[in-house]
Structures are given as structure tokens and as C-alpha cells.
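Novice: Numbering (numbering that gives the first Met the number 0), first residue to last: 0 to 604.
Derived from the structure by calculation, the hints contain no laboratory data.
Mixed in with the good hints there might be a few duds.
[Unchecked claim] Simulated restraints, written as ranges between beta carbons of each label pair:
#, residue 1, residue 2, range
1, G543, T252, 55 to 65 Å
2, G466, D573, 18 to 28 Å
3, A99, L3, 56 to 66 Å
4, P121, N11, 20 to 30 Å
5, A350, Q4, 32 to 42 Å
6, L558, G466, 36 to 46 Å
7, G534, D560, 12 to 22 Å
8, I552, P449, 47 to 57 Å
9, C43, V65, 45 to 55 Å
10, G534, A99, 49 to 59 Å
11, R27, D560, 43 to 53 Å
12, V571, G378, 24 to 34 Å
13, A588, A566, 27 to 37 Å
[Unchecked claim] In the DSBU-like style, the derived pairs of lysine-lysine whose C-alpha atoms are separated by at most 30 Å in a straight line are:
#, residue 1, residue 2
14, K387, K426
15, K407, K520
16, K193, K406
17, K202, K406
18, K191, K406
19, K426, K407
20, K387, K406
21, K413, K440
22, K207, K7
23, K520, K426
24, K264, K413
25, K406, K264
Note that beta-carbon positions come from the ideal geometry of N, C-alpha and C, so glycine has one too.
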Amino acid sequence: MTVLQRVKSITNRIRERSIPTRDVYLDRLREAASHKPKRSALACANLAHGFAACGPSDKAALAGDVVPNIGIITSYNDMLSAHQPFETYPQLIKAAVHEAGGVAQVAGGVPAMCDGVTQGQPGMDLSLFSRDVIAMATAVGLSHDMFDAAVYLGVCDKIVPGLVIGALTFGHLPAVFIPAGPMTTGLPNDEKAKTRQLYAEGKVGRDKLLESESKSYHGPGTCTFYGTANSNQMLMEIMGLHTPGSSFINPGTPLREALTREAAKRALAITALGNEYTPVGEMIDEKTIVNGVIGLHATGGSTNHTMHLVAMAAAAGIKLTWQDISDLSDVVPLLARVYPNGLADVNHFHAAGGMGYIIRELLDAGLLHEDVKTVWGEGLRAYTIEVKLGENGTVQRSPIPSESADKKVLSTVKEPFQATGGLKMLKGNLGTAVIKTSAVKPERRIIEAPAIVFDSQAALQDAFKAGKLDRDFVAVVRFQGPKANGMPELHKLTPPLGVLQDRGHMVALVTDGRMSGASGKVPAAIHVTPEALSGGIIGKIRDGDMMRLDAEIGTLDVLEDPEVLAARPEPVVDLSHNSYGMGRELFAAFRNVVGRADEGASVFG
0 MTVLQRVKSI TNRIRERSIP TRDVYLDRLR EAASHKPKRS ALACANLAHG
50 FAACGPSDKA ALAGDVVPNI GIITSYNDML SAHQPFETYP QLIKAAVHEA
100 GGVAQVAGGV PAMCDGVTQG QPGMDLSLFS RDVIAMATAV GLSHDMFDAA
150 VYLGVCDKIV PGLVIGALTF GHLPAVFIPA GPMTTGLPND EKAKTRQLYA
200 EGKVGRDKLL ESESKSYHGP GTCTFYGTAN SNQMLMEIMG LHTPGSSFIN
250 PGTPLREALT REAAKRALAI TALGNEYTPV GEMIDEKTIV NGVIGLHATG
300 GSTNHTMHLV AMAAAAGIKL TWQDISDLSD VVPLLARVYP NGLADVNHFH
350 AAGGMGYIIR ELLDAGLLHE DVKTVWGEGL RAYTIEVKLG ENGTVQRSPI
400 PSESADKKVL STVKEPFQAT GGLKMLKGNL GTAVIKTSAV KPERRIIEAP
450 AIVFDSQAAL QDAFKAGKLD RDFVAVVRFQ GPKANGMPEL HKLTPPLGVL
500 QDRGHMVALV TDGRMSGASG KVPAAIHVTP EALSGGIIGK IRDGDMMRLD
550 AEIGTLDVLE DPEVLAARPE PVVDLSHNSY GMGRELFAAF RNVVGRADEG
600 ASVFG
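Hey, can you work out the whole structure from these sequences and the hints?
Specialist: Below you can see the structure in the form of C-alpha cells.
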């Protein structure tokens, strides 16, 4: 079977598996759709409330049935660098929409928290759940039924997946996602990582660490490494939710503003009042989801999307599984080297050819579905471009150059950095897990060593500081799943484990928690399902049990007698400290109903 046939086969099995839920979803979408504004059916008092704060001309326009109204869902706050640029977007969007003959209103705001601020802190326990809160907040904003389309302002980790879930819940409305772009390049990410390791070893103080971090994270825009935030932007472009070429243009530039104005006008053009009606729920189909997964593999994207993509697909009635993601990884080569999978950052990636190059290379190799709908129209080939600012302040597009501008950053399907994608599913007597292999050296992908068990990331850090971990071992960090404490990222474990690996030890991490999209050189089997609190075998592992992680063939096992494991009592652990402080009291219901990691770790069933 050729690669193209394999991609089509996986897509077809997703489609067939999804028929019952997808058909129900599309029926509901079409029932909600209308070829005139829904506000025309509102009672006069309802409509008056909906445009009470508008100017006279907008009131007159919205009182009729023929002027489209664009809802703006924004994740702006000025604490979060990636979302601070959105402060000026609503006025920019409103002006552009007015020029094109429509009206735009801010429909609502959604929360946007920064995992970089909350890493290793109690607030991180809210991080994954914030995705579903964002979806719900999106629904609240759009529930006024005043809009013909919506534009979504979001960039970072849980924000974009939450916005997508919310947008698909209102799938009869067209949706255009508008990014803010990455911050300019600061301190190289590898230098930042070295300082973190030196700090973990006690060789530099907090002042040097803070200086390093501040030079790396230094201004408006997304962090420049290829974590979840920038993986989000890649997904939105390859799935056709961004306008072509818009994902990685820096904030505060004339081109960035021109792209924002253009996206606002495009949202206006694809409403039901025009000739290009593109409801997002019909636009996002099985082919689009598969294209997103392929993009994730080809660029070495974030492990978080093994959950987010499953949850996003489910919102459109599509049943994506970890097996689908893993099988696609087996046939998609790694074409990009961006930190932590290389030394380049996303600005270097964009300069080398960026999304236009990646999409063109994958299309030419038959690895992407070209026959998809996008916010730009029919077909993905329109995204094989680069953008520039024209003399009149408009966006100009031209075909992407045939060659990579930096072959150390972007390569070809014929000469990839790795023959397979960067993510793999692991199976064994622990259940299922995910590993990101693109940054792990081949000689580190098979680890067999005794377990050292921890019930928190703080316990592992304490053991490291006390000098108790200078040996080969597999760190088992349990009770970190969605039911236990909201599944926080365990990114703080990367520096100490990296130090031990650099000392020559064979080390690995096995956890029912998450690692950052910046998962790096230490092999990490994450998202172990079932989690410890749900009776998973990971909860029965004891210090000294032999563990085997094989990322080559995709296995994860504790090498103990099955009868011995089964006879062990369920572990007893006090998790009460996870239930209060930093708002965690309010999320007890989420912890009680959240689904499994391999089903998207969603509270929506």
C-alpha cells in the first residue's frame, strides 16, 4: 500500500467509524442554519438589547435583515504576551468590516491562562480544564444569536482548542481564526535550556536564571519554541481556519495588521448572506482532521494535541483515536527542526519557508488531502504561498520558493530529518500512552531500568536535589491524571532528568500526567491511561520493579508477574491538597466527570 493509499485508508476508517455521530451533528447544524440573519426572528425587545450600545448607523443596519454581523470572540488580556496584541484587534476588525458593508460586535471574552506562568504551581491544575471553560465561554458569547459569522482571537495552549470546540458547537456559523504571531527572536532556546539545567544543578543562582528567562520571553507574541501555542497556529493554517500565510507574522507590524483586516473581510464574505457560505461545521471534516494530524507529525508538534485533536474532532461528530494518530505517524516524515527538536525557533522556521513550504511539500508527496474546504475557498493548494505587504497596504501572495531557505530547519520528503513523525502511541500492560520521539536520540528510545515511584513532581525534584537519583531508572510519576488533579504539565521535571541523562544515566519518565509541548530529549511516556486514580496499573508499580519503554516498536510495560501485580492492593494517597487553593475548589465537578486522556480528557462526554 502506498503512502497516499495508507492516508486515505486511515481517513476512510475514521469516516466510517464516525458516521452515526457525524450524521447527527450535521443534521443539527443544518437545522440551525438559515439563509437570513437569525436576529430577524428575535422579538423587538431582544433585538433592542442586542444593539443598544451601537451607533445609529449600526442600529439601522442590524434592524434589517440584509447586513451581516460578525461576532468577535476574544481571549485578550495584557498579562499574557501572546494575547496582549489582541487589545487593538476589535477596532481594527470593526473598521474593516464597516468598509466592506457589515457590522462587527465583540460577542464575548474567554479566559486565557499562561502555562509558562503556572508551571509547577497550583494554578496549573486548572490549565487543561480551561480548554473546556473556553469552549463554554464561547458558547455564552454566541448564544445571543445575533451573528452571521464569528472571528476568533486566540493563540496559546488551551485557548485555540477551546475556541475550536466552541466554534464547532455553533457549526452553522462560518469561523475565521485570527492569530497574533510570535514574539521576535530573543535568547536562543538552547541557551535558555542550558541555564535551566545549571540552575537545577545549583551552579547558577536565581538571578542568572531570571535574566536568561527574561531575555528569552521578552515581548508581545507567542514564545518562540515549537510548543503547543505554535503547534496551534500550524494546525489552524493547515486545517484552513487561518487565511493563507498568516500564522507566523510578528505582532505590531504593518503586514500583521493587513492580514487581520483581510481576515475580517473574509469572514464577512463567507456568511449565508453571500455566495460563498462556509459553515465551519461542514468545512471541518475527516479529511481536515487528518491533515491536521499529518501537519503535527511533519513538524514535530506538541504532544498535547493527542488530546486536543481528539476533543476538537469530537465536537464535529468525528471519532479520532490515538491509534489513528500513531498510524499516521508511521507514514509521515519529519520535515522541520524547530526547538526542542532543533536549534531554530519559529521565526527561523517561517523565514525558511514556513507553512507554505510544509504544505506544498506534503501535497506534492500525496500526504495531504488537497480537496478540502477552507475559509479561503476550495482546495489546500492556495496555502502554498508566502505573504508580503503590497505598496497599497494590502496583502500580496506569491508561490512559495521551490527550495528551503535553510535546509537545517526545513527539509524535503525525499530527505527528511526522520522517516516517521514525531509522535507515537505506546501499548502494554500499563495501558496506553504517548511519546514524542522527534527530540529523543535513537539510542535513548529503548529504556529498561528499575522504577522509582513518586506521587508528585515535587517529590522527584526533592530526591534529585538530595542526590538520590544518580543511577539508571524510570521515574514513575503517578496521580497526575485529569481525575486526580486536572492533569498538569510536568515541565519542571525536564531539567533534572536532563541533567541525569547528561551524566550518562539511562533515564525515562512514565506518568499519567502531561508534559509540555516542549517535551525534549528525555524519553517520556505520558498521558498513561487508565490513570492511577481510575485503577490503572501505573498505581500499582513499586520501587525496584523493572520497567521497559520501547519507543521503536511502541511498547510500555512493567516487567513483573501479572498475578503479582493484580494481587497488590490499590494505592492509598491523600489528594485533598489538590482540591483547594487557586480556584481548584470550583473544579471538583470537572475532576469528577472528566473523560480519559485517550478520549480527549473532556468534560463534555
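Novice: Among the hints numbered above, which are violated by the structure, and what are their numbers in rising order?
Specialist: Of the numbered hints, 3, 4, 6, 8, 9, 12, 14, 17, 19, 22, 24, 25 do not hold.
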